[in-house]
Structure formats: structure tokens, C-alpha cells
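K.L.:
Below are the chains, spelled out letter by letter.
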Amino acid sequence: MNAPDRFELFVLGEGQKKLTITPDTKLPNAATFTIQKEDHTVGNMLRMQLLKNKKVLFAGYKVPHPLEHCIILKIQTTPDTTPEAMLMEAFDELIKEFSTIRNKFEVIFFFFFFFFFFFFSINIFFFYIFNLE
Amino acid sequence: MNDISLSAITGFDSGPTVQLKELESDHIKFSLSNVDLSVANGIRRAMIADVPTMAIDLVEIETNTTVLTDEFIAHRLGLIPLTSTDVDKNFAYTRECNCTDYCNLCSVELNLNVKCTEDRTMEVTSRELISQNDNIVPVTIDDQDPGILIAKMRKGQELKLKCIAKKGTGKEHAKWSPVCGVGFDYDPYNKLRHTTYWIEDDEKTEWPLSENAKEEQPPIEGEPFDYNAVPNKFYYKFETTGSMEAKDVVLSSLNILQAKFDELRNELKREQNMNQYN
Ligand SMILES: [Zn+2]
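In order, the protein sequence lines correspond to chains A and B.
Residue numbers in the first sequence follow my numbering, run continuously in steps of one, and reach 146 at the last position.
Residue numbers in the second sequence follow my numbering, run continuously in steps of one, and reach 279 at the last position.
If you are wondering where the hints come from, they were derived from the structure by calculation, not from laboratory data.
None of these values were measured; they are calculated from a predicted model.
Hints may contain errors.
What the hints assert, rightly or not - As a list, the in silico SDA-like pairs of lysine to any residue whose alpha-carbon atoms are at most 20 Å apart:
(1) 31/A / 276/B
(2) 22/B / 246/B
(3) 30/A / 66/B
(4) 109/A / 259/B
(5) 30/B / 42/B
(6) 50/A / 170/B
(7) 50/A / 22/B
(8) 109/A / 66/B
(9) 30/B / 203/B
(10) 50/A / 153/B
(11) 31/A / 22/B
(12) 65/A / 252/B
(13) 153/B / 66/B
Looking at chain A on its own, in the form it has when it is part of the complex:
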């Protein structure tokens, strides 16, 4: 009866912003990003992508509560850049990565049936050659 609506998981509420930036009041070059209606799928990928960056001193995320459908991402960077810029870079990298993976899958699906028997024979061929050496 008092169960929350299921769509609260992925539909932005009235006047709710997808992404909010809260600069840290105590630390320099640090900010907290609140991303609404996202979960560990996006949170963990962003964290790991940010940590690959040498200019990022800290990156961590949490899902504050199972009934609050948002992630809180904290970033601290070196003084020569900003958390916003680093987050933007992480977005760009991830977008690029998924487009690469998708392209590779598309090519591989396209060639799959055509090459299947061809490669099978190639494998046997190489196996034969290596065994001779």
C-alpha cells in the first residue's frame, strides 16, 4: 500500500536535476556530484575511469540509501585542473570506449557466419605447421 512507485528508480521527479555540483567548502579542487536515477552501473565505471587519471587525487562514489535512487560522487583533483573538467574527461573516455566496443561487436557479428568455417580450417592449418617445427 505504501510501497514507493517502481518508476521512481529511473524517472526524474518534478523539478529534479539529473546532475548537481556542490563545491567542497573546506578542500581546494574538490566537489561532490549528485547524479539522480543512476546506480552502481554508472557510479563504479565513473569512479574507475577517474582513478586512472593522474590528476585525480580522490574519486569515490556511494549509493546513499536503497530508497534514494541517486549516486554521490566525490572528486578531488590537483590544483592545475577542476573536478568538473576531470569528470568531463571521464565521460568522454567512457563514451569513446563504448563506441569502440560496439564497433568491434558489429564487425564481429557481421563476419561471424562468413568466417566461422574459414577460421576453423585456418586453425587446423596452423596447428599442422606448428607441430612440424
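Here the structure of chain A is known, so what remains is to put chain B with the ligand in place on it, guided by the hints.
P.N.:
Relative to chain A, chain B with the ligand alone:
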């Protein structure tokens, strides 16, 4: 042995690499290398929870004289997979549609009207569901496939109802998930010690190696633990419910993830611009 990788086709190898091992319309097996664990797991999560399909969401029961209750039958109907190729493009979510309740752009009507007149048990299956849209029908493998059992009836019992199938994702309810779970594996020798095996006496006999172990180097006896090592190769294997082709599930999940980051990127841009004017 006879799997194909893109590097073998194009002759170069950089960035994420895909090796396809098995591919059928409802089943796929592949490995993904040179990506982070978070990305590999994100793809798995997106395939389960973010790829949209059609499933029965509303049921209006006119007559039900079977032994099963209305809500029981409604639940069973919801779980029947419906063919959902290109649902992403061809249908809108009802909540985003312009209609007040539901319409042809965001839903499909299916009807069921059966009555048992013979003096023996009758089986009502998903084959008896008549869809208004030829593209959105209950999944069957071939003509011999009897369909999915909905209820059994004796003489005189009747079931008449109207179903509304809507577009949705596995995040909202598992009935919309296009996959029957996704097999996900990495580091079959547990060199990274991401897991601790629960054992009675002997780990080797109680925990047989996964089939993916033959693609990786076995650990050397007495080798020191490499605490900097990260997983690199991920093994996926899954079956679909029949609602989508396995390869479309993979491609769709990648599109969805990319779109998610595209949206966030635009939001961050807008947010930055607003802060500049303030
Ligand atoms: Zn509509």
C-alpha cells in the same frame, strides 16, 4: 579453437578486444579483453536491467472460472516473453507517450478467449494469446513448440481476458529482462584472490576449474602474490528469453550505456554554463 577475434580479421590489436565463441539467435558466448572490471560488469548489468522489451503489464479479466485466481493468472501472463525486436525504436514508454492511458504507439493489446467443452483436461498456453500487432507475439521456438502453459481447465471452465503489453526494462520488473541471467567470469584460477573458496578439506577437488581456465596461464607453484594485478579478460555466456536476439541484446546494452554517459555529459556542460553566468 575455432572462435574468431577482431584482431585476427583486421590484423591489429588495440584497446578492447572481443572474442566470439558461440552465437545462435538465443544464445551467445564471448570474451572481452582490455577493459576495466567496472566496464565489463557495467555491460553485464545493462544487459540484465536496462535493455527494453515488451511484456504484459495490464490484464483485464472478463471471465475466469478456472481454479487459479485472477492475480495468479495475471502474474503468469506478465512473465510470458514477447518477441521484442527493435522495440527500442518502434515503441515509446507509456509514461513518456502523449496519450492519456495507453495507445498503439506505446502498447500492444493481446486477447485470450478459451473455454473447455470436452470431457478432459485442457491446457491454455501462450499460443492462445491473440496479438493485435504481428511483431509483438508470444515467443515460440518453432511450429512444434506447444507454448507456455498459463492454466489447465476442466469441462465447463472458461478464461476470457484482455492484456496490455507495455515497453519496460528489467530494472522495473524482471519480466522485462531480455536475458535469463548472464554468466560472467574472470580470473578462473583465482590468482587475484577476489574470492575465498569455502572448503571442507581440499580446494582443488571441491572447486573444479571453470571451462574458461584453459584460456589462461595456470599459476606457478610458489609464485609470490601480485597485489598490483588487475583482471583483464572477462567471459560472458548467456541465453535470452527468446524476446530478442542475443547479439541485439549486446549491441543494445552498449548503445544504452553510451547514451547514459552522453546525457550526463550534456547535463554537466549545461551545469557548467549556468555556473559561469551566475
Ligand atoms: Zn501511448
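K.L.:
Could you run down the list of hints and mark each one as holding or not?
P.N.:
Right, here's what the structure says about each hint:
{"no.": "1", "hint": "31/A / 276/B", "in the structure": "holds (16 Å)"}
{"no.": "2", "hint": "22/B / 246/B", "in the structure": "holds (16 Å)"}
{"no.": "3", "hint": "30/A / 66/B", "in the structure": "violated (49 Å)"}
{"no.": "4", "hint": "109/A / 259/B", "in the structure": "holds (8 Å)"}
{"no.": "5", "hint": "30/B / 42/B", "in the structure": "holds (16 Å)"}
{"no.": "6", "hint": "50/A / 170/B", "in the structure": "holds (14 Å)"}
{"no.": "7", "hint": "50/A / 22/B", "in the structure": "violated (35 Å)"}
{"no.": "8", "hint": "109/A / 66/B", "in the structure": "violated (57 Å)"}
{"no.": "9", "hint": "30/B / 203/B", "in the structure": "violated (31 Å)"}
{"no.": "10", "hint": "50/A / 153/B", "in the structure": "violated (42 Å)"}
{"no.": "11", "hint": "31/A / 22/B", "in the structure": "violated (39 Å)"}
{"no.": "12", "hint": "65/A / 252/B", "in the structure": "violated (26 Å)"}
{"no.": "13", "hint": "153/B / 66/B", "in the structure": "holds (11 Å)"}
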